[in-house]
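Under this note's numbering, think of the first position of the sequence shown as 1, with each following residue one higher.
Hint data in this document are derived by calculation from the structure and do not stem from the laboratory.
Bear in mind the structure is a predicted one, so any value in this text is a computation, not a measurement.
Beta carbons are placed, not taken as given, at the ideal position from N, Cα and C, and that holds for glycine.
Be careful, since some hints might not be right.
[To be verified] Estimated spans, in silico, between C-beta atoms of each pair:
#  : residue 1 : residue 2 : range
1  : 117       : 173       : 20 to 26 Å
2  : 138       : 205       : 33 to 39 Å
3  : 206       : 137       : 33 to 39 Å
4  : 206       : 184       : 19 to 25 Å
5  : 137       : 207       : 36 to 42 Å
6  : 207       : 136       : 14 to 20 Å
7  : 219       : 169       : 16 to 22 Å
8  : 199       : 140       : 28 to 34 Å
9  : 216       : 125       : 22 to 28 Å
10 : 198       : 228       : 28 to 34 Å
11 : 156       : 118       : 18 to 24 Å
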Amino acid sequence: MEVLAEWARVVSARSAAAITLAPGEPGSSQVRGNGCPPPPVLNSRRPRRPLHHPARAGSSHPPDLQSVGMSIHSRTVSALVAAILVCFAVAPAATGQGAPRAQPQPTPERGPTTGSEAWEWPLAIPHAVERGFRAPLTEYADGHRGIDLAAHPGEPVYAVADGTVTFAQIVVDRPAISLSHAGGLVSSLEPVTALVASGDPVRRGQLIGHVATGGHCGDGCLHLGARLSGRYVSPMRYLGGVPHAVLLPTESAALLTVRGDSRRSARANLLWRAILRDA
């Protein structure tokens, strides 16, 4: 028993001395080489292996593997985040979904510009416009103060809008009719044999006369004019339900034919001698 106690005392003393030395430090091998059992290792961390990277300038120790790994991981995460942000920024620009699209604005249809109702064509559809409006440079200069519609003598003529007959007489060599409408508009038709008299109220589409002869139209057209506050303007600005126009190629020029509704007739193939233009 005394021998065992002495052995335990010696081992305890030497073990205490060995505890102060970390594994791998000078002196640790001397303690283990005297036949005593190895001391307990308090530092449970594995010994760090030196990296193959050269040490940073001014440092005598190699870089820490764990810290290097964390640095690489941080840089990788930052690069991924930056790439994702770039993708989100570029994708809308590439697909055109970033900025709000400009919505196409609907094209306004031709119609009255003074608050009055749209005009009705004075002849039955289909019909053709043989000559368009050409505004004169001055009040007394040459021009074409209206449009010429292809027509035959005796065809019925209708009021273009509600109004009042202000004139129904012969002018030089042709009979003419003038109607006053809302908004300061006045329509004039010639040559027309009137079925109404001055002062009569008329309704839109009402029969007011028949195509006659005379004037610059001769025997083949009806002239429709329009005045706004005393100034001649194009009637096309107020006519509603403008028929579709189709360009037909010819040897001399492009001819414009007007079709009304889905019906066709011989008069629907008459040629336009001028391109219609708004005043």
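Against the structure, the hints:
1. 117 <-> 173: 20 to 26 Å: violated (33 Å)
2. 138 <-> 205: 33 to 39 Å: holds (36 Å)
3. 206 <-> 137: 33 to 39 Å: holds (36 Å)
4. 206 <-> 184: 19 to 25 Å: holds (21 Å)
5. 137 <-> 207: 36 to 42 Å: holds (37 Å)
6. 207 <-> 136: 14 to 20 Å: violated (32 Å)
7. 219 <-> 169: 16 to 22 Å: Given about 21 Å between the Cβ atoms, the range holds.
8. 199 <-> 140: 28 to 34 Å: The hinted range 28 to 34 Å holds for residue 199 and residue 140, with Cβ atoms some 30 Å apart.
9. 216 <-> 125: 22 to 28 Å: 24 Å Cβ-Cβ, so the 22 to 28 Å window holds.
10. 198 <-> 228: 28 to 34 Å: violated (21 Å)
11. 156 <-> 118: 18 to 24 Å: Holds: the Cβ-Cβ distance is about 20 Å, inside 18 to 24 Å.
Going down the numbered hints, you'll see the structure goes against 1, 6 and 10, while the others check out.
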